[in-house]
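Chemist: For chain A, the structure is supplied; the task is to place chain B on it using the hints.
Just so you know, the sequences run in chain order A and B.
FYI, in this note's numbering the residues of the first sequence are 1 to 270.
FYI, in this note's numbering the residues of the second sequence are 1001 to 1373.
A portion of the hints provided could be inaccurate.
SDA-like mimics (lysine to any residue), calculated; alpha carbons at most 25 Å apart, straight line [what the hints assert, rightly or not]: (1) B/K1099 <-> A/V32; (2) A/K74 <-> B/D1292; (3) A/K251 <-> B/K1088; (4) B/K1099 <-> A/Q25; (5) A/K74 <-> B/H1312; (6) A/K74 <-> A/H107; (7) A/K74 <-> B/V1283; (8) A/K251 <-> B/V1336; (9) A/K251 <-> B/A1136; (10) A/K251 <-> B/E1140; (11) A/K74 <-> B/R1095; (12) A/K251 <-> B/W1091; (13) B/K1099 <-> A/R13; (14) A/K251 <-> B/H1312; (15) A/K251 <-> B/Q1144; (16) B/K1099 <-> A/A71; (17) B/K1088 <-> A/G237; (18) A/K74 <-> B/E1140; (19) B/K1088 <-> A/P3; (20) A/K251 <-> B/L1090; (21) B/K1099 <-> A/T33; (22) B/K1088 <-> A/R91; (23) B/K1099 <-> A/R91; (24) B/K1099 <-> A/T21; (25) B/K1099 <-> A/G237.
What the hints contain is simulated information worked out from the structure, not anything from laboratory work.
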Amino acid sequence: MNPPAIFTVLDRREEIPHTVTLRIQPAQGGTVTPFAPGQFNMLYGFGSGEVPISFSGATAEQGYYSHTLRAVGKSTEALARLQPGDQLGVRGPFGRGWPMDQLAGRHVLIIAGGLGLAPLQPLIEAIVAKPADYLGAQLFYGGRRPEELLYLARMAAWRDALNVELTVDMASRDWSGHVGVVTGPLASAKFPASNTVAVVCGPEIMMRFAVRTLQQRGLDDASIYLSMERNMHCALGHCGRCQWGPNFVCKDGPVFRYSDIAPWFHVREL
Amino acid sequence: MRTSILAAADLDELIQSLKAAGYQVIGPVRDDAAVVYDDINSATDLPRGWVDEQEKGHYRLLPAGDDRYFGYTVAANAWKRFLNPPRKRLWRVVRQDGKLQFIPESDSAPPLAFIGVRSCELHAIHIQDRVLIDGAHCDEGYRQRRRHLFTVAVNCTRAAATCFCTSMHTGPRVELQSDLVLTELLDEHGHRFLLETGTDAGHRITASLPLMPATDDDTALAESRINIAREQMLAGPRQFDSSGIHNLLFSNMESPAWDAVAERCLSCANCTLACPTCFCFAVEDTTDLTGDHAERWQRWDSCFNGAFSHVHGGSVRNSTRARYRQWMTHKLAGWVDQFGQSGCVGCGRCISWCPAGIDITEQLQAIAEGDAS
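Isolated chain A (complex conformation) (with noise of 0.2 Å):
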């Protein structure tokens, strides 16, 4: 395992409680590699262990990476607590993303849960960059409380590109989206079956129910896709930690097509 290239914070926004945006660049400046929508590096505070966090921000911004991440260990803690000019150990990007070319000319499901909106932002933004390349697109987000939901100043500009719906368990008096989980709003919103893709990304309990209700809506496996998350200490194949199933998933995902890996969807502990 090689060393990690050195990156500079550029800054530090605090999305929700615990949950932070930052923007890193390469210390030596230039560019950096470019990435696909879907696919993570992994970011190593000083000391404090390293961990795969998704690109969150848009493919087309040059010079800069954004990664969006949840301090709820050792290794999220440090990484959220740095500041700007702070310097951090990245490598990457790693993995296989969402589907950007079976996405072209069909309607867009965009599924998510909690923190699993940061991956699909990349996505969300290729398709307001362009939404004349889609047939059209929704945005299905559910979370806790309306003040744990993540990108909402963001979403305005959205809404142009996407019919957003917004639900949370729980409601406070001014909130005005739906109440309960996601699959609700999914289960009466209007899209062309036959020619739908779903992208799916969220806890696991939340993408099974999500998988259940784009079925009985009438999408085909094959073009439903979610993003697993598993423990992973290389990224390369080699820790062994992200096996499932037959699957690696930082190299075979953490984006897979759920008609592949139907099977081991539904095992418990796997």
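Modeler: Chain B only, in chain A's frame:
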């Protein structure tokens, strides 16, 4: 391929020839109560006159009653520790005035020569090559050690009770390329080795040895001795048809046999550490007390450990049932999808070194008996 005879009394000359060529020579030694692979200086270090007795959760060394050097079968530890060390530093990093500087690790070990590699073990090394060299990313340290490796393989003339290479089609005769292959012969014509030289490096190392031409009788005797090992396994309880394992396991992910084995499995990870193909590892990042120097280390890890599958919120595989299932289905089924071949070579180490006496071949049988399809 050149075939010749090396007198047993001249075996040390082979070892000295390897040392003179700059190799670090590693071979079987008797370490208290087991044969293990370790550094050797001469033929006197070899476990001459000892055989191993292996069974479920059982390993004993017994006097052989003869002077054979390679009467034992496979050592307790696998060769993988020399090609892919249990612990290695990957890099260091210094933080000064808020700036990071990474210092890569240099790998300057001498070339390795392995003496006494069995057919199943050569297969295991090739299987690890597929994982660590042949993928999109290459482990450069492993590749270097592997590229310069010299192997003296040994044909098995005896099988332990735990051996099942005939089931996995990985032995007992050495068929993968090896620089040299020895078959130990001991009869009224004396104690000697049939020596097959398979590579240019093998020719260079044996050029100065006092070799004699091999007769047809020597070759026939070697084959008959290898056949003894083969017949022992074919007649044993661990002979089975391995062709349908992939589908059998992947279509029985909820078999009650997983629950039954989980009642016995201690989730201790012994099987994965003893296994010659298990490759999983962890990386650990540490800092010193000043907080300005950090290191990254890679160490062997096991799918039986809770932290192995940790994602935020806990382990994905909480139960022993899930961990044993992961190990066995990966070894025998997932490996085929990932690397085009099974991850099991039939060496039997996981059977001998399981403190609970769990036998992977019996577990296969249990899954087959409960097969729902």
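Chemist: For each hint, tell me whether it holds in the structure or not.
Modeler: Consistency of the hints with the structure:
In summary, the hint linking B/K1099 to A/V32 is supported, as the alpha carbons are separated by about 19 Å, within the 25 Å threshold. Note on A/K74 and B/D1292: the hinted pairing holds, with a Cα-Cα distance of about 17 Å set against a maximum of 25 Å. A distance of roughly 24 Å separates the Cα atoms of A/K251 and B/K1088; the hinted pair therefore holds under the 25 Å criterion. The straight-line distance between the Cα atoms of B/K1099 and A/Q25 is roughly 14 Å, inside the 25 Å bound, and the hint therefore holds.
With a C-alpha separation of about 11 Å, the suggested pairing of A/K74 with B/H1312 holds against the 25 Å cut-off. Between A/K74 and A/H107 the alpha-carbon distance is near 40 Å, which puts this suggested pair outside the 25 Å criterion. The hinted pair formed by A/K74 and B/V1283 meets the criterion: a straight-line CA distance of about 14 Å does not exceed 25 Å. This hinted pair checks out: A/K251 and B/V1336 have alpha carbons roughly 16 Å apart, not beyond 25 Å.
The hinted pair formed by A/K251 and B/A1136 meets the criterion: a straight-line CA distance of about 9 Å does not exceed 25 Å. A C-alpha spacing of about 19 Å is found between A/K251 and B/E1140, which places the hinted pair at or below 25 Å, so the restraint holds. Straight-line distance between C-alpha atoms of A/K74 and B/R1095 comes to about 19 Å, which keeps the hinted pair within the 25 Å bound. Distance restraint check for A/K251 and B/W1091: the Cα-Cα separation of roughly 23 Å lies within the 25 Å cut-off, and the hinted pair is therefore satisfied.
Distance check on the hinted pair: B/K1099 and A/R13 sit about 22 Å apart at the alpha-carbon level, within 25 Å; holds. This hinted pair checks out: A/K251 and B/H1312 have alpha carbons roughly 21 Å apart, not beyond 25 Å. As the CA atoms of A/K251 and B/Q1144 are separated by approximately 24 Å, the hinted pair is consistent with the 25 Å bound. With a C-alpha separation of about 23 Å, the suggested pairing of B/K1099 with A/A71 holds against the 25 Å cut-off.
A C-alpha spacing of about 18 Å is found between B/K1088 and A/G237, which places the hinted pair at or below 25 Å, so the restraint holds. The suggested pairing of A/K74 with B/E1140 is violated, with an alpha-carbon distance near 29 Å, which exceeds 25 Å. Proximity of B/K1088 to A/P3 is assessed by CA-CA distance (about 14 Å); at most 25 Å being required, the pair is judged to hold. This hinted pair checks out: A/K251 and B/L1090 have alpha carbons roughly 21 Å apart, not beyond 25 Å.
With a CA separation close to 22 Å, the supplied pair B/K1099 and A/T33 stays within the 25 Å bound. Restraint check for B/K1088 and A/R91: the C-alpha separation of about 20 Å stays at or below 25 Å, so the hint holds. As the CA atoms of B/K1099 and A/R91 are separated by approximately 17 Å, the hinted pair is consistent with the 25 Å bound. A distance of roughly 21 Å separates the Cα atoms of B/K1099 and A/T21; the hinted pair therefore holds under the 25 Å criterion.
Taking the CA atoms of B/K1099 and A/G237, the gap is near 30 Å; set against the 25 Å cutoff, the hint is violated.
In summary, the structure is inconsistent with hints 6, 18, 25 from the numbered list given earlier, while agreeing with the others.
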